[in-house]
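Kindly generate the complete structure, drawing on both the sequences and the hints.
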Amino acid sequence: MGKVSGLYRYPVKGFTAQPLTEVAVMPAAGFPKDRFYAFSKGTLQPSDYEAAPRPKTDFLMLLLHEQLAKLDAKFDDGGDDRLLLSMGGKPLFSGSLTQAEDVERLEQFIAAFMNGKVSGQPKLLRIEGRQFTDVAVTSEAMMRAVSLINLKSVRVLEEAVGAPVDPLRFRANIYFEGDNPWEEFDWIGKEVRIGPAGAVGVLRTKRCGATNVNPATAERDRNLPAALVRAFNHPDMGIYVEMKEGADITLGDVITLA
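Numbering (this note's numbering), first residue to last: 1 to 258.
I should point out that these hints are in silico values taken from the structure, not numbers from a laboratory.
Positions of the beta carbon are idealized from the N, C-alpha and C atoms, including for glycine.
Not one of these hints is a red herring.
Taking CB as the label site, the calculated pair distances span:
1. Ser5 to Pro32: 17 to 23 Å
2. Asn233 to Gln99: 46 to 52 Å
3. Ile188 to Gly79: 36 to 42 Å
4. Ala231 to Arg126: 35 to 41 Å
Structure representation (structure tokens):
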């Protein structure tokens with residue numbers, strides 16, 4: 001059915017991916033440190049975010065703020081969640097996301113970087129027990145869901161648009177080389193083994209305009225949701241799974257139906 005070829009997390013929502021060689025997943029716990037932090041647009045109070053998950057449009061994210069893709073984010077969770085931001089190889093920020101002074105510097109930097117593209121002062125958010133995934137508003141279970149992309153499906157999309165499509169546009173956690181395009185859609189409601197870990201397919205991933213942003217250039221150079229509908233009569237790419245059995249997932253692990 002497939003083999004894991006890429007593992008990624010996005011420690012700060014909307015910022016660049018962090019590649020991993022292995023990851024320890026737990027039942028109903030989400031992808032570790034994925035969308036662990038997020039930036040508000042400064043138009044709501046932190047308490048507004050604490051009450052319940054907010055829609056993705058209440059955060060800085062690529063759908064509305066493609067310039068975020070210009071920043072290369074490096075994250076180290078070795079104790080104090082250090083973040084390094086650079087652009088074109090030039091360091092722009094380095095600090096701990098757990099230290100108030102560093103967070104204040106980061107917020108000031110992001111406000112200047114956004115250059116008036118948001119109406120308020122961006123604030124870094126971290127809420128215990130919360131992951132700022134796009135589907136968090138659906139349910140707590142979906143907030144913990146892990147996203148998968150079949151690279152065979154990406155390739156048939158490339159054929160449809162007549163141009164290369166960077167799989168990282170889809171910002172998934174697990175990328176795999178499948179046997180056939182779209183086979184992952186048949187996994188909904190079924191038990192899936194990802195190496196030694198157990199999961200169940202729960203939802204196809206409907207794509208939005210964030211996928212139009214080229215992660216290499218920060219430019220909107222495609223309309224992939226429209227291309228999907230035009231070529232395949234649906235706007236979906238990838239699926240969400242809910243983890244049922246914890247284990248270490250590593251590159252090269254085989255994916256099978258249980």
